[in-house]
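Let the sequences and hints guide you as you build the complete structure.
So the chains spell out like this:
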Amino acid sequence: MHVLLAQNPGELQAGLTAVGRGIVYGGAAIGPGIGIGIVVGNAITAMARQPEAAGVARTTMFLGIAFTEALALFGFVLAFIISG
Amino acid sequence: MHVLALDFPPISHLIRWPTIFGSGVWAVNKVVLLEWLAVILVLWFFFAARKGALVPSGVQNLAEAVVDFIRNDIILQTVGSEGLYWTPFLLTLFAFIFVGNIFEVIPVIQMPVNARMALPFFMTAIVFIIYHYLGVRHQGLFGYFKSMLFPPGVPKALYILVSPIEFLTFFFTRPLSLAVRLFANMLAGHLLLATFAILTAALFTSTYIGAVIPGALLVALYGFEVLVSVLQAFIFTILTAVYIGGAMHPEH
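Each protein sequence line maps, in turn, to chains A and B. Per my numbering, the first sequence starts with residue 1, numbered consecutively. Per my numbering, the second sequence starts with residue 1001, numbered consecutively.
Heads up, a few of these hints could be off.
[Unchecked claim] Part of the chain B face toward chain A, derived, beta carbon under 8 Å:
| hint | residue |
| --- | --- |
| 1 | 1073 |
| 2 | 1077 |
| 3 | 1177 |
| 4 | 1180 |
| 5 | 1181 |
| 6 | 1184 |
| 7 | 1185 |
| 8 | 1188 |
| 9 | 1234 |
| 10 | 1235 |
| 11 | 1238 |
| 12 | 1239 |
[What the hints assert, rightly or not] From chain B, some residues computed to sit far from chain A (all C-beta separations above 10 Å):
| hint | residue |
| --- | --- |
| 13 | 1059 |
| 14 | 1098 |
| 15 | 1106 |
| 16 | 1126 |
| 17 | 1139 |
| 18 | 1157 |
If you are wondering where the hints come from, they were derived from the structure by calculation, not from laboratory data. All C-beta atoms in this analysis are idealised placements derived from N, C-alpha and C, irrespective of residue type, glycine included.
Structure follows, in structure tokens:
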């Protein structure tokens, strides 16, 4: 690490930035991934139990997905904002 | 100038397009031209639909279906009949966002206008002003802040925790997530399509057979992006309606 830093500081920084971007987006995608699974799973259960209320369940499901997904998208944008 | 997407633009032009004419704040590039096109298309859509024939046909048919959708599936489900006053606003918002998004998958255009932050940010600023204005008008300044910061049904001691979170939600998270959701979805879709298109082209020129799977995926992703375009316009509109509804009738 010290040798690399002495020889080529810019390259090391660029590499670490890329790693950081990957970690930021990957970390941000974990929670929303689980959350969207729960939202959609429960919406499907609701639609299967009460097909006549499928319209309401679908609208609410999209709302829930939108709220959950926002966190992943923050991570996506943050990964772009990080610069070396 | 690579304004038409007839060949691959340089990678730096995927989002940042060069100026075509004008300079400074009046610089016009491909994205600005597309925004004008979107405005013209939405205006044409509404004027063409104004005939008001008793038996609708053509564009009027489509327009009536869209109005019906905004009215029944968005406003009546979230705000109730008092929200019908906001039908024109939400209709314009939906149509404009949808036209801006669908440019992503139209051949030779291939650039979602909403993949630049300016437009989502501006629309979010309008929505932000509207829902705060409505909250103050319907509940009074004091009542609006009371219902915002001290939602009923929470144990007293928890207000130390709940009030700052609610404040951040209303003034920071809601507008930020509304703008970023639209922006990031369109940007991600655009990057995805560009990546797969470049991958397919590169594999096709080197090994013909290797391009089959990415090419098939590219076609599938085009279909997916059409869905995303509609869905993001719908989500932006319905969230606006939810915020307007929340400002008009507080929780009891």
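Next on the checklist: For a quick check of understanding: which of the numbered hints are violated here, in increasing order?
Outcome noted: none
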